[in-house]
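Order-wise, the sequence lines are chains B and H.
Each residue of the first sequence is one higher than the one before, counting from 13 in our numbering.
Each residue of the second sequence is one higher than the one before, counting from 2 in our numbering.
No wet-lab data here; the hints were simulated from the structure.
Treat the hints with care, as some may be off.
Straight-line C-alpha distance at most 25 Å; calculated SDA-like pairs for lysine to any residue [stated by the list, open to error]:
no., chain 1, residue 1, chain 2, residue 2
1, B, Lys30, B, Gly141
2, H, Lys85, B, Thr53
3, H, Lys85, B, Ala52
4, H, Lys238, H, Pro82
5, H, Lys85, B, Pro109
6, H, Lys85, H, Arg26
7, B, Lys30, H, Asp56
8, B, Lys30, H, Pro375
Stretch by stretch, here's where chain H covers chain B in the computed footprint (C-beta under 8 Å, at least three residues) [stated by the list, open to error]:
no., segment
9, 19 to 27
10, 60 to 68
11, 79 to 86
12, 127 to 139
13, 144 to 158
Pairwise CB distance ranges, derived in the manner of DEER restraints [to be verified]:
no., chain 1, residue 1, chain 2, residue 2, range
14, H, Gly192, B, Met73, 38 to 46 Å
15, B, Arg122, H, Gly168, 39 to 47 Å
16, B, Leu152, H, Pro421, 52 to 60 Å
17, H, Gly192, B, Gly121, 27 to 35 Å
18, H, Thr427, B, Ser18, 29 to 37 Å
19, B, Asp20, H, Pro38, 35 to 43 Å
20, B, Arg69, H, Thr427, 48 to 56 Å
21, B, Arg124, H, Phe459, 18 to 26 Å
22, H, Phe459, B, Gly75, 56 to 64 Å
23, H, Glu494, B, Thr113, 18 to 26 Å
24, B, Met157, H, Pro92, 32 to 40 Å
25, B, Leu138, H, Asp411, 53 to 61 Å
No experiment lies behind these values; they were computed from the predicted model shown.
Cβ coordinates follow ideal geometry from the N, Cα and C atoms, glycine included.
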Amino acid sequence: MPEPHSRDVERECRALVKHLVGVDASDYVIVRYARGLDSATFHEGLGQGTADRVLRRAWRMGGLGLSLADTYARFFAPAGEFRRRAVLLGAILESSPDTFTAFEPPPAGRLRAWSALVGAGLLFALRLGVAIVVIGPLHLGARLMNGGTATAEGRSG
Amino acid sequence: MKPVVVVGSGPSGVHFALTVLEKGRRVTLVDVGHARPSVIRQHDTFDGLKRNLDDPVEYLLGNDLEGITYPGAAGEYYGVPPGKAYIFRDPGGFTVRSQGFEPLFSWAAGGLAEAWTGGVYPFNEAELADFPFGWSDIEPSYAEVARRIGISGEIDDLGRFMPAHDGIMPPLELDLHSRKLIDRYTAARAGLNDAGCWLGRSRLATITRPHAGRGACEYLGRCLWGCPVDALYTPSKTLAECMAFDRFEYVPGVVVTHFTVDSSRRIRKLRGHALDGSPFEQDVDTLVLAAGALSSARIFLESVHRATGEAARLTGLMDNLQILVPFLNFDMIGLPYQPSSYQYHMLGLGLETDRPEEYVHGQITTLKTTMAHPILNNLPFDLRTARQVFRRIRSGLGLVNVNFHDRRRDDCAVSIDPDPAGGDATLVIEYRDDPGEEASARAAVARVRKALRSLRCFAPSPMIHVRPRGASVHYAGVLPMTDRGGDFTTTPECRSRDFENLVMADGATFPFLPAKNITFTLMANAVRAASAL
């Protein structure tokens with residue numbers, strides 16, 4: 013019997029699983045993710061920065077919004093709430109029966125492996141450019157509205 | 002004859018105890034002794050566990066997901082696997098204050114070596130130069146320990162730094178990545194050797210054929226979570242061997258705080274408290290402190306304070322500096338990944354230096370079943386791209402753990418802050434880095450990176466991690482053995498010069514700390530000291 017969790021958490025988990033590994037989330041992963049969000053270790057040192065407030069709107073859109081939030085967060089809120097949630101889910105996915113192989117090398121020759129690496133790098137660069145153009149001004153605006161206070165973006169996002 | 006009382010069941014304590022038992026004496030071993038949780042699904046592979054366990058996340062990451070390394074977390078790259086958390090569980094009442102040092106303590110049956118990675122490297126003549134004995138004096142004890150624990154390895158290019166001793170069984174099967182590294186080394190050997198760099202097989206306390214009731218390595222890939230088939234030796238195996246003697250008494254669940262002495266400074270009683278707080282007392286004829294250099298020092302210091310009122314300071318604390326150098330082997334891109342293989346280091350890298358005792362030792366681990374999420378979090382991509390990149394490079398990831406020697410210095414010390422109310426004292430640790438060490442460590446890491454380039458591996462400098470001092474857990478040097486005499490020293494047989502019936506059997510007595518893992522020498526020295534009892 014799965015444990016109760018909110019619809020929001022389930023929706024968020026499903027979208028993140030799809031984004032990270034491209035499959036549907038199992039009930040086991042959703043329950044584990046919900047429990048992880050409630051765990052003491054998740055909340056240790058977790059703060060709230062302006063970037064996270066902006067990113068939350070983007071990642072809850074799912075799809076492209078989520079993808080851009082992930083890319084933007086890597087450099088502008090690397091230890092923020094979004095990254096923590098995604099790392100939590102990544103750790104669960106690499107340990108779970110249905111998804112751990114998504115972290116293992118697929119059978120491929122050298123050429124395919126190198127091509128995949130180059131392709132992933134190029135797409136990332138493209139996404140990073142779009143994320144900076146789309147989310148950057150929103151982030152900057154939010155910071156200015158906050159009086160430009162120097163929130164610890166690096167640590168808490 | 003009264004029993005010899007040993008404190009601590011780590012590598013020194015159990016090998017001291019077993020040697021004394023084999024001589025026909027009685028032994029009482031007092032210990033906190035947290036026990037290892039029972040092994041689950043003993044013969045499942047690492048991937049098999051993920052498929053077959055009802056809750057693999059709990060096993061791999063812990064019930065409260067304490068095995069996750071979150072972004073921005075201070076400290077080490079990896080935490081302690083949940084299955085090994087029992088090793089560090091605090092029994093309560095043990096307080097420490099430290100400066101420049103992040104100590105780790107164990108309260109497990111078997112001690113800190115229950116979490117070791119199995120490297121067994123005898124000290125050579127140059128590394129023993131400050132010890133009051135030479136290679137020929139300790140070689141029989143190394144051979145005895147090798148016979149007891151089982152050691153696999155090979156006498157190869159690293160043999161120039163590691164003396165040979167009896168009892169080495171054939172080495173483990175190399176995984177594909179380690180084989181590629183050895184092949185590249187063979188091709189580039191001449192140039193690397195000219196640069197003073199040598200590569201070879203690790204000598205490991207992991208057995209490749211059944212030995213002393215333990216099974217050979219089954220290559221299940223579960224090493225990081227604790228070997229399920231006991232192929233990797235840990236001191237709790239020798240503790241179990243001791244228990245087969247009817248002259249052996251094991252007293253777990255006790256935190257020893259101090260001993261009391263009579264007017265001639267002869268130890269009469271050992272004191273402490275049980276885990277429920279009730280007082281503990283044990284009569285003593287001969288006392289052996291083997292609780293690890295820091296814990297033994299604390300017992301010693303508190304005893305001195307209670308006996309004399311003196312708040313002594315023991316200088317000369319040593320610990321190996323460790324620098325982690327992650328690398329990517331381009332030869333492995335697109336090649337298969339082998340989770341069902343041995344997971345700790347199978348190769349070693351040795352760097353010659355101007356002074357032979359300052360040899361630099363690297364342990365090369367090819368990363369396979371290591372948790373992915375800390376690596377994903379550190380790659381310079383969003384997490385989705387990081388996963389895509391990670392799975393393509395996973396089979397080529399590796400790590401060199403570079404170890405450096407340490408020397409006794411007056412500004413590295415342990416002392417106690419006594420409790421005025423008469424309770425347990427606080428252990429105070431001070432450590433200051435050797436001012437010359439940073440430059441020599443930087444130069445050594447540059448040599449390691451150059452050697453890796455010769456093996457077609459790339460070691461990105463932003464990923465290099467200097468571990469906090471204390472992380473190596475190779476603590477030593479605060480009550481050194483010497484034949485020159487002096488307070489707070491021991492004889493060459495590890496007998497205290499301050500208390501006539503006290504033997505210090507652990508790393509506290511080491512007068513020098515080479516770059517090698519000291520556990521093998523801890524065990525051999527305990528055998529040597531016990532033989533002289």
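Checked hints:
no.	hint	in the structure
1	B:Lys30 - B:Gly141	holds, 22 Å
2	H:Lys85 - B:Thr53	holds, 18 Å
3	H:Lys85 - B:Ala52	holds, 20 Å
4	H:Lys238 - H:Pro82	holds, 21 Å
5	H:Lys85 - B:Pro109	holds, 22 Å
6	H:Lys85 - H:Arg26	violated, 33 Å
7	B:Lys30 - H:Asp56	holds, 22 Å
8	B:Lys30 - H:Pro375	holds, 20 Å
9	19 to 27	violated (count 0)
10	60 to 68	violated (count 0)
11	79 to 86	holds (count 5)
12	127 to 139	holds (count 7)
13	144 to 158	violated (count 0)
14	H:Gly192 - B:Met73: 38 to 46 Å	violated, 55 Å
15	B:Arg122 - H:Gly168: 39 to 47 Å	holds, 42 Å
16	B:Leu152 - H:Pro421: 52 to 60 Å	holds, 57 Å
17	H:Gly192 - B:Gly121: 27 to 35 Å	holds, 30 Å
18	H:Thr427 - B:Ser18: 29 to 37 Å	violated, 46 Å
19	B:Asp20 - H:Pro38: 35 to 43 Å	holds, 36 Å
20	B:Arg69 - H:Thr427: 48 to 56 Å	holds, 50 Å
21	B:Arg124 - H:Phe459: 18 to 26 Å	holds, 20 Å
22	H:Phe459 - B:Gly75: 56 to 64 Å	violated, 35 Å
23	H:Glu494 - B:Thr113: 18 to 26 Å	violated, 57 Å
24	B:Met157 - H:Pro92: 32 to 40 Å	violated, 52 Å
25	B:Leu138 - H:Asp411: 53 to 61 Å	holds, 59 Å
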